[in-house]
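K.L.:
Below, each chain spelled out in residue letters.
Protein chains: 2
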Amino acid sequence: MNTAVQLSSDLLHELTNIVGENRIKTDTTSLQSWGSDYTKHFEPNPSVIVFPSSTEQVQALVQFANQHHIAITPSGGRTGLSAGAVASQGEIVLSLDKMNQILDFYPADRMVRIQAGVVTEQLQRYAEEQDMYYPVDFASAGSSQMGGNIATNAGGIKVIKYGMTRNWVLGLTVVTGKGDILHINKGMIKNATGYALQHLFIGGEGTLGIITEAEIKLERKPHDLQVMVLGVPDFDAVMPILHAFQSKIDLTAFEFFGELAMQKVLDHGHVQRPFDTECPYYVLLEFEAPYEPIMDQAMEIFEHCMEQEWVLDGVLSQSLEQVESLWRLREDISESIAPYTPYKNDISVLITHVPAFIKEIEEIVQSNYPDFEICWFGHIGDGNLHLNILKPHDLSKEEFFAKCQVVNEHVFNTVKKYNGSISAEHGVGMTKKPYLHITRSAEEIEYMKALKQIFDPNLIMNPGKLFDI
Amino acid sequence: MNTAVQLSSDLLHELTNIVGENRIKTDTTSLQSWGSDYTKHFEPNPSVIVFPSSTEQVQALVQFANQHHIAITPSGGRTGLSAGAVASQGEIVLSLDKMNQILDFYPADRMVRIQAGVVTEQLQRYAEEQDMYYPVDFASAGSSQMGGNIATNAGGIKVIKYGMTRNWVLGLTVVTGKGDILHINKGMIKNATGYALQHLFIGGEGTLGIITEAEIKLERKPHDLQVMVLGVPDFDAVMPILHAFQSKIDLTAFEFFGELAMQKVLDHGHVQRPFDTECPYYVLLEFEAPYEPIMDQAMEIFEHCMEQEWVLDGVLSQSLEQVESLWRLREDISESIAPYTPYKNDISVLITHVPAFIKEIEEIVQSNYPDFEICWFGHIGDGNLHLNILKPHDLSKEEFFAKCQVVNEHVFNTVKKYNGSISAEHGVGMTKKPYLHITRSAEEIEYMKALKQIFDPNLIMNPGKLFDI
Numbered sequence: 001m002n003t004a005v006q007l008s009s010d011l012l013h014e015l016t017n018i019v020g021e022n023r024i025k026t027d028t029t030s031l032q033s034w035g036s037d038y039t040k041h042f043e044p045n046p047s048v049i050v051f052p053s054s055t056e057q058v059q060a061l062v063q064f065a066n067q068h069h070i071a072i073t074p075s076g077g078r079t080g081l082s083a084g085a086v087a088s089q090g091e092i093v094l095s096l097d098k099m100n101q102i103l104d105f106y107p108a109d110r111m112v113r114i115q116a117g118v119v120t121e122q123l124q125r126y127a128e129e130q131d132m133y134y135p136v137d138f139a140s141a142g143s144s145q146m147g148g149n150i151a152t153n154a155g156g157i158k159v160i161k162y163g164m165t166r167n168w169v170l171g172l173t174v175v176t177g178k179g180d181i182l183h184i185n186k187g188m189i190k191n192a193t194g195y196a197l198q199h200l201f202i203g204g205e206g207t208l209g210i211i212t213e214a215e216i217k218l219e220r221k222p223h224d225l226q227v228m229v230l231g232v233p234d235f236d237a238v239m240p241i242l243h244a245f246q247s248k249i250d251l252t253a254f255e256f257f258g259e260l261a262m263q264k265v266l267d268h269g270h271v272q273r274p275f276d277t278e279c280p281y282y283v284l285l286e287f288e289a290p291y292e293p294i295m296d297q298a299m300e301i302f303e304h305c306m307e308q309e310w311v312l313d314g315v316l317s318q319s320l321e322q323v324e325s326l327w328r329l330r331e332d333i334s335e336s337i338a339p340y341t342p343y344k345n346d347i348s349v350l351i352t353h354v355p356a357f358i359k360e361i362e363e364i365v366q367s368n369y370p371d372f373e374i375c376w377f378g379h380i381g382d383g384n385l386h387l388n389i390l391k392p393h394d395l396s397k398e399e400f401f402a403k404c405q406v407v408n409e410h411v412f413n414t415v416k417k418y419n420g421s422i423s424a425e426h427g428v429g430m431t432k433k434p435y436l437h438i439t440r441s442a443e444e445i446e447y448m449k450a451l452k453q454i455f456d457p458n459l460i461m462n463p464g465k466l467f468d469i
Numbered sequence: 001m002n003t004a005v006q007l008s009s010d011l012l013h014e015l016t017n018i019v020g021e022n023r024i025k026t027d028t029t030s031l032q033s034w035g036s037d038y039t040k041h042f043e044p045n046p047s048v049i050v051f052p053s054s055t056e057q058v059q060a061l062v063q064f065a066n067q068h069h070i071a072i073t074p075s076g077g078r079t080g081l082s083a084g085a086v087a088s089q090g091e092i093v094l095s096l097d098k099m100n101q102i103l104d105f106y107p108a109d110r111m112v113r114i115q116a117g118v119v120t121e122q123l124q125r126y127a128e129e130q131d132m133y134y135p136v137d138f139a140s141a142g143s144s145q146m147g148g149n150i151a152t153n154a155g156g157i158k159v160i161k162y163g164m165t166r167n168w169v170l171g172l173t174v175v176t177g178k179g180d181i182l183h184i185n186k187g188m189i190k191n192a193t194g195y196a197l198q199h200l201f202i203g204g205e206g207t208l209g210i211i212t213e214a215e216i217k218l219e220r221k222p223h224d225l226q227v228m229v230l231g232v233p234d235f236d237a238v239m240p241i242l243h244a245f246q247s248k249i250d251l252t253a254f255e256f257f258g259e260l261a262m263q264k265v266l267d268h269g270h271v272q273r274p275f276d277t278e279c280p281y282y283v284l285l286e287f288e289a290p291y292e293p294i295m296d297q298a299m300e301i302f303e304h305c306m307e308q309e310w311v312l313d314g315v316l317s318q319s320l321e322q323v324e325s326l327w328r329l330r331e332d333i334s335e336s337i338a339p340y341t342p343y344k345n346d347i348s349v350l351i352t353h354v355p356a357f358i359k360e361i362e363e364i365v366q367s368n369y370p371d372f373e374i375c376w377f378g379h380i381g382d383g384n385l386h387l388n389i390l391k392p393h394d395l396s397k398e399e400f401f402a403k404c405q406v407v408n409e410h411v412f413n414t415v416k417k418y419n420g421s422i423s424a425e426h427g428v429g430m431t432k433k434p435y436l437h438i439t440r441s442a443e444e445i446e447y448m449k450a451l452k453q454i455f456d457p458n459l460i461m462n463p464g465k466l467f468d469i
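So the protein lines, in turn, are chains E and P.
Residue numbering for the first sequence follows the UniProt record's numbering, starting at 1 and increasing by one per position.
Residue numbering for the second sequence follows the UniProt record's numbering, starting at 1 and increasing by one per position.
Source of the hints: derived by calculation from the structure; they are not laboratory data.
Since we're looking at a predicted model, the values are computed, not measured.
Even glycine gets a Cβ: it sits at the ideal position worked out from N, Cα and C.
Careful, some of the hints might be misleading.
[Claimed, not checked] DSS-like, lysine-lysine: derived pairs with alpha carbons at most 30 Å apart:
id, chain 1, residue 1, chain 2, residue 2
1, E, Lys-449, E, Lys-359
2, P, Lys-217, E, Lys-186
3, P, Lys-186, E, Lys-161
4, E, Lys-359, P, Lys-248
5, P, Lys-98, E, Lys-186
6, E, Lys-248, P, Lys-416
7, E, Lys-217, P, Lys-98
8, E, Lys-161, P, Lys-217
9, P, Lys-416, E, Lys-161
10, P, Lys-416, E, Lys-221
11, P, Lys-248, E, Lys-248
[Said to hold, decoys possible] To spell it out: a stretch of chain E is covered by chain P in this simulated footprint if at least three of its residues, at any positions, have a beta carbon under 8 Å from a beta carbon of chain P; those stretches are:
id, stretch
12, 89-101
13, 218-229
14, 270-282
15, 342-351
16, 399-406
17, 425-433
18, 458-465
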C-alpha cells in the first residue's frame with residue numbers, strides 16, 4: 001500500500017498542461033505536508049499535489065484521473081480530525097489553496113459567493129467588513145477552508161443557535177467524480193424542484209466530487225454578547241440549567257467541561273480560575289443582551305439555579321475582555337490536554353440521554369482502567385460530547401492506544417444503545433470507518449455505496465474514506 | 001391511460017390481509033377524493049385506497065407493490081398545488097390518514113417524534129401545549145399533513161426567520177421503494193457519518209419512498225409579535241425597506257402584495273383597508289417586540305422610510321386582534337382571487353433580482369395581454385413570488401389557459417435568465433414536470449433519475465411525478 005508512487009513524466013506533463021507551471025508539486029516535503037491532516041495515524045503517500053485555479057481546471061483534472069485510473073484526494077485546510085483528507089495510496093492531492101477568492105456579495109440576499117479555498121476566518125472577516133456575520137466557528141477557523149467545512153458539515157461552538165455549516169449553504173458548484181460540473185441550487189432559499197443534491201455533497205467528505213464554489217448565507221452581527229460560567233455540583237444539574245435559561249433567553253452557546261479540563265487549562269497558563277469554588281463540572285453559556293431586561297432575566301434565572309442548588313458559583317462577564325477570557329476556559333482545552341496524548345472521541349446522543357450516557361461511560365472507563373483520567377467537554381446544548389482519555393505518564397503510547405481501542409468498543413456499544421453518533425462533527429474519514437455500522441444501518445450503508453457509484457463510477461474520489469467499496 | 005383500473009379480488013384480499021378490514025376503500029367517491037389534491041388538471045384514477053397503521057404495514061404494502069408491479073402514490077392531506085399526490089394511472093393510494101399520532105416529546109431536545117399523518121395544525125397545537133412552537137406555517141395548515149410537508153419541503157410565511165420544513169426535520173423513518181425501512185439520523189443535531197439521506201426524502205415528493213415517521217425540532221414561542229403594513233409607491237422601494245428593518249430588527253415575516261390583491265381582499269369582505277392611502281404595493285412585516293426599545297427602533301426606521309419616500313403610509317398593530325386582521329390582508333388573497341380562476345405560478349429568484357424580474361414579467365404580460373390583470377403577492381423576504389394572472393370575464397377557461405401557457409413560456413424564460421426556480425415551494429409533481437429543465441440542468445436530472453433507481457428500482461413510487469423515467 002504505502003510504497004512511494006510516482007507518476008510518469010508524461011502524466012506529470014499532462015497535469016502541468018492542465019494547471020500550469022508552478023501549480024504542481026512532487027517534492028517530499030510537499031507530499032508529506034499536503035498529503036496529511038491533523039490526524040497522525042496514517043502515513044501520507046500521495047503521488048503529486050496540484051493546485052488548480054478554476055472549476056474548469058478541476059474538471060479537467062477529474063477527467064484526467066478517470067482516464068488514467070488514478071485517485072484524487074481533495075484537500076482544503078487539512079485540519080480534519082478523522083483522516084478524511086489523508087492521501088496514503090498514491091493519490092493526486094487536489095488542493096483548493098489557490099481558489100481562495102470571495103467572488104461576489106449580494107447584500108439584499110445577505111449572501112456571498114466564494115471559492116472553496118476561502119479560509120473560514122477570511123470569510124468571517126469579510127462578513128464583518130460588510131457589517132454581517134458568518135456564524136460557524138471553531139478552534140481551527142484560522143486555517144480550515146470553507147470547502148472542507150462544507151464537505152464535513154463542520155459544527156463548532158455556535159450550533160445551538162446557528163446550526164451546522166449545512167444551514168449556511170445556499171448553493172454549490174461541484175465537479176462530480178464522473179467529471180460533470182453541477183451548479184446546484186444557485187443561492188436560492190426556496191427551490192422545490194426535485195432532489196436536493198447539495199445535501200449529498202455537504203458532509204460527503206469529498207467521496208462524490210469536489211466542491212469548487214459555494215453560495216453562503218450570512219447573518220446579522222450579534223449584539224452585546226454576554227458570557228456566564230457556572231460551577232455545577234453534578235452532571236444531573238446541567239440539563240435543568242439549560243432548560244431554565246433556554247426557555248427565557250435565546251442562547252448562542254451552551255458548552256460544558258469538567259474540573260479536570262479546567263485544571264489542565266489553568267496549568268497551561270494564560271487564564272485564571274473564574275471563581276474560587278472548585279466544582280465537578282462547569283457550563284459556559286452565551287447570549288445576546290442588547291436590552292437591559294435580558295440581563296435582569298439572566299440574573300433572575302441564575303439566582304433560581306442557585307436556590308435549586310443546580311449551581312454552586314458563577315460569574316458573568318463585565319467587559320468584552322472578560323467575554324474573551326471566559327471563552328478561553330473552554331477553547332483552550334484541546335491545546336492544554338494535547339501533551340497528554342489524548343485518545344479523542346467526538347460523539348453525539350440526544351440531549352435527553354446525555355446524563356445517563358456520561359454516567360455509563362465513566363463507569364466503564366473507571367472499572368476497566370481506574371488509572372485513566374477522562375476529560376469531558378463539549379457542546380452540550382446540541383448533544384455533542386468530546387470524550388478525551390488522557391494517557392497516564394507510565395504507559396507507553398502503544399499500550400495506551402491498545403487499551404483505548406478496548407475502551408472504544410465499550411464506548412461505541414453505549415453509543416449504539418442510545419442510538420447516537422460515532423462522529424458528531426469530525427466526519428468518518430479513515431479513523432471512524434470501522435465503526436460506521438454503529439450509527440448507520442447495513443441498508444443505509446448499501447444505499448450510500450450505490451449513491452457513491454452514481455457520482456463516481458470509477459471510484460476515483462477520495463477512496464478509502466467513509467467506507468470501502 | 002385513464003381507463004378504470006381494478007385489482008382482482010385476490011389482490012384486494014392480499015391488501016386486506018396487510019392493513020386489516022375497514023382499512024381499504026374502492027368506492028368511486030373515495031377513489032376520486034383520495035386520488036386527487038388541490039389541483040384539478042388531472043383526472044384521478046386510482047385502483048384502491050389503503051390506510052396502513054404502522055411502518056411495518058407500509059413496508060408490506062411496498063413489498064406487495066413490487067411483487068405485483070403496481071405503483072403506489074403516497075397520500076397526505078392532499079393540499080398540494082402541483083399534482084404531486086394525484087393518482088391518475090391505477091395506482092394504489094397509500095394514505096397516511098390513520099398514522100396520525102404524536103408519539104413522543106423530548107423536552108431537553110425540544111423535539112417531538114410523530115407519525116407522518118399528523119396534521120400541521122395538530123403539531124402546532126401540541127407544541128403550544130408544551131409551551132413550544134412549530135414555526136412552519138401556511139394557509140393549508142389545517143389539513144396538510146407533516147409527511148406531505150416534508151416530502152415537498154413546505155415553506156410558507158415564516159421562512160425568513162425559521163427556514164423551510166427541511167430545517168425542522170431531525171430524523172426520518174422511511175420505507176424505500178425497494179422496501180427497506182430506514183431510520184435516518186434519529187433526531188440528532190450533529191451526526192457526521194456519511195451522506196445525509198434524509199435530505200433526499202425531504203422534497204423528494206414521494207418518488208423515492210414513503211415517510212412514515214419523523215423527529216421534528218420545536219422552537220421557543222415567539223414573544224409579543226407586532227405587525228406593520230406599509231404602503232409603497234413602487235416596487236423599487238421594497239428592497240430598501242427590507243434592508244432598513246432587517247439590519248436592526250430580526251423579522252419573522254416580510255410579505256408583499258399589490259393594490260390589485262388588496263382590492264380583491266377588500267371586495268371579499270371580512271377586512272378593512274388598513275389606511276386611506278391607496279398604494280401600488282404593500283409590505284407586511286412582523287417582528288418580536290418583547291422590549292420597549294425594539295418598538296422605538298421600529299418606529300424610527302418607519303419614519304426614516306417615510307422621509308426617504310419609500311413608504312407612503314403605514315399602520316402598526318395596536319392589539320393581538322389587529323395583528324390578526326392585518327395578517328388577513330395577506331392571507332386572504334388566495335381565497336379572494338379564487339373566483340377569478342387564477343393561473344398560478346410559484347417562482348423564486350435571488351432577492352437581488354426581484355425588482356428587475358418583476359418589471360420584466362409585467363412588461364411581458366402587459367404587452368402580450370393588456371387585458372390581463374396580474375395579481376402579485378409573495379414571501380418577498382426570501383425571493384419567492386406568487387404570480388397570479390386573473391381570467392378576464394369575457395374569456396373562456398380554455399382560451400385563458402391556452403394564452404397563459406404562452407405567457408408561461410415567457411415567464412419561465414425570464415426565470416431561466418435570472419437563474420431562478422420554477423417552483424419555489426409547491427414542488428414539481430405533474431404540473432411543473434415539463435419545465436424542470438429550466439431550473440435543473442440536464443446533468444442534474446440524469447443524476448436524479450439514477451438516484452431514483454437506487455431507492456426504487458422497479459419504479460413503483462409515485463410514477464409520473466418530477467420526471468418521466
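K.L.:
Would you mind marking each hint as holding or not holding in the structure?
P.N.:
Results for each hint:
Distance check on the hinted pair: E:Lys-449 and E:Lys-359 sit about 36 Å apart at the alpha-carbon level, beyond 30 Å; violated. A hinted pair counts as satisfied when its Cα atoms are at most 30 Å apart, and P:Lys-217 with E:Lys-186 qualifies at roughly 27 Å. Between P:Lys-186 and E:Lys-161 the alpha-carbon distance is near 20 Å, which keeps this suggested pair within the 30 Å criterion. Taken as a hint, the E:Lys-359 and P:Lys-248 pair is broken in the structure, with Cα atoms around 45 Å apart against an allowance of 30 Å.
Proposed proximity of P:Lys-98 and E:Lys-186 is contradicted: the alpha carbons are some 39 Å apart, above 30 Å. At most 30 Å may separate the alpha-carbon atoms for a hinted pair to count; E:Lys-248 and P:Lys-416 exceed this at roughly 45 Å. Restraint check for E:Lys-217 and P:Lys-98: not satisfied, since their Cα atoms lie roughly 39 Å apart, outside the 30 Å limit. Annotation: proposed proximity of E:Lys-161 to P:Lys-217 holds, straight-line Cα distance about 13 Å (limit 30 Å).
As the CA atoms of P:Lys-416 and E:Lys-161 are separated by approximately 35 Å, the hinted pair breaks the 30 Å bound. For the hint pairing P:Lys-416 with E:Lys-221, the CA-to-CA distance comes to about 33 Å; that exceeds 30 Å, so the pair is violated. Only pairs whose Cα atoms come within 30 Å are accepted, and P:Lys-248 paired with E:Lys-248 is accepted, the gap being roughly 21 Å. Given as covered by chain P, the stretch 89-101 of chain E fails the check, having 0 residues with a CB less than 8 Å from a CB of that chain where 3 are the minimum.
With 1 residues having a beta carbon nearer than 8 Å to a beta carbon of chain P, the stretch 218-229 of chain E misses the requirement of three or more and the stated coverage is violated. Coverage of the stretch 270-282 of chain E by chain P is violated [criterion: at least 3 residues with CB-CB distance below 8 Å; count 0]. Counting residues of the stretch 342-351 of chain E whose CB lies closer than 8 Å to any CB of chain P gives 4, so the stated coverage by that chain holds, three being the minimum. Given a C-beta distance limit of less than 8 Å, the hint that chain P covers the stretch 399-406 of chain E is violated, as 0 residues qualify and 3 are needed.
A stretch counts as covered by a chain when three or more of its residues have a beta carbon under 8 Å from one of that chain; for the stretch 425-433 of chain E and chain P the count is 5, and the coverage holds. Given as covered by chain P, the stretch 458-465 of chain E fails the check, having 0 residues with a CB less than 8 Å from a CB of that chain where 3 are the minimum.
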